[in-house]
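J.: Oh and the sequence shown: position 116 is 116 in the working numbering, straight run, nothing missing.
Simulated from the structure, these hints should not be mistaken for lab results.
Since the model is a prediction, treat every value here as computed from it, not as a measurement.
Treat the hints with caution; some may be incorrect.
Listed next, the in silico DSS-like pairs over lysine-lysine satisfying Cα-Cα at most 25 Å (straight line) [said to hold, decoys possible]:
id : residue 1 : residue 2
1  : Lys337    : Lys176
2  : Lys387    : Lys374
3  : Lys172    : Lys156
4  : Lys318    : Lys364
5  : Lys315    : Lys231
6  : Lys315    : Lys224
Between beta-carbon pairs, the in silico distance windows are [as the list claims (entries may be wrong)]:
id : residue 1 : residue 2 : range
7  : Gly63     : Asp106    : 26 to 36 Å
8  : Glu339    : Asp139    : 48 to 58 Å
9  : Gly186    : Gln390    : 38 to 48 Å
10 : Thr348    : Lys387    : 33 to 43 Å
11 : Ala163    : Leu338    : 25 to 35 Å
12 : Leu338    : Arg217    : 35 to 45 Å
Glycine residues also receive a C-beta, built at the ideal position from the N, C-alpha and C atoms.
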Amino acid sequence: MPNTQKPNASSYCIALQPICDADMVHVADELLYRATAGARSAVIEDGLTATARACNAVFYEAGIESICGRRKLFLNAPREWLLNPALLPPSPEQVVIEVLESVEGDEDVLAALRHIKSQGYTIALDDFVLTDATRPLLDLADIVKLDMQEQPPTRKQVEHYLALGISLLAEKVETKEEFDQTRAMGFTLFQGYFYARPETRQTTKLNRRRNQSAQLRLLGELQKPEADYDKLERLLVQDPQLGVQMLRLVNSAHHNVKQEIVSLRQALGLLGLNRLLNLVTMLVLANDDPCNMLLLPQALTRAAMCARLAARDCKENKEPAFMVGLLSMVDVLLGQKLELLCDQLPLTQEVRRALLAHEGPLGKSLHLVKAFEKGRLINASDEAVAKLNQYFLESRSWANHVLDGMDN
């Protein structure tokens, strides 16, 4: 029998979906708030409450800069929210107010949008369908989001929006072919899961000179109980770019140290093998691939959430739980099956069981985090969901800080 219980106010899972530009650069995120009743997408009975809680979590509990860095944040806004100026979040220059598709362009809404626009916010129209009731909204829109699956626009409609000086965002772009087609039509922003598809990944491997077998040997050496520092240095020499990025990250994460870290030996002395393993793994997974850079925030957030969950019961599980979280996305990030990776790396049985079967304490943490990501915490208490939201925000903030270090 399906669960028909109305979610309590605290029973929502926060999520962020990346938005990229025509070069597949991660330029914005959409703030999502999923009910925990098991739906694949948000099922929100009270849109005003959901939006208010999402704003409170991101803007006042965590801070938008720690969650998004310099990227824009798209925020869903129901009619009731638009009409209450007291609910406007801070940082208008970084916020895109996303007018839901159910909102019509009546005089009250238009007046509210004029005020919102005057405060410096960007206005987007979500899942926009042109009708007599919605046409007035175009005069105030900066961005129009169009659903490429359920209500794909005609070329004439696209040309009309572009002629008005409106930027177009393609939603539900699921394949590389759709990405190329919408880009050719004049779309400049894209949202969907096309970057996780194998065919997309094969066409974005430009200027990637790294040797994946050498990278896996490096990961394998770091997995050993007593790693050979000389061998680690020799492996890093084979990939100078990886070595440089690693040192940048270490320096960024430890900006208070008096002496800049300039060698692997110094990094090992400061971090230890476990933390260095996590850093190197992250860099290998990024691999200078624009698709990976879109997925990496999720991978790092998942890893950090796994570590936080595991550390509640046993602090010694923190580092291996982080590694489990990272490696759990290797099938998407490297296009390699988990089973094959487990055969190539000297992973402990505990880590293997966690990755392949969600068994043991590490596996349970991974399973819970993945359920949270999908909003499928059907049997979780409100208190547990609230704690997971806290872990998500803390983990996302940390992930954003680390990724900023990669760009410096």
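J.: Take the hints in turn and mark each one as holding or not.
T.: Structure-based check of each hint:
no.: 1; hint: Lys337 / Lys176; in the structure: holds (21 Å)
no.: 2; hint: Lys387 / Lys374; in the structure: holds (16 Å)
no.: 3; hint: Lys172 / Lys156; in the structure: holds (20 Å)
no.: 4; hint: Lys318 / Lys364; in the structure: holds (13 Å)
no.: 5; hint: Lys315 / Lys231; in the structure: violated (29 Å)
no.: 6; hint: Lys315 / Lys224; in the structure: holds (20 Å)
no.: 7; hint: Gly63 / Asp106: 26 to 36 Å; in the structure: holds (35 Å)
no.: 8; hint: Glu339 / Asp139: 48 to 58 Å; in the structure: holds (55 Å)
no.: 9; hint: Gly186 / Gln390: 38 to 48 Å; in the structure: holds (41 Å)
no.: 10; hint: Thr348 / Lys387: 33 to 43 Å; in the structure: violated (28 Å)
no.: 11; hint: Ala163 / Leu338: 25 to 35 Å; in the structure: violated (49 Å)
no.: 12; hint: Leu338 / Arg217: 35 to 45 Å; in the structure: violated (19 Å)
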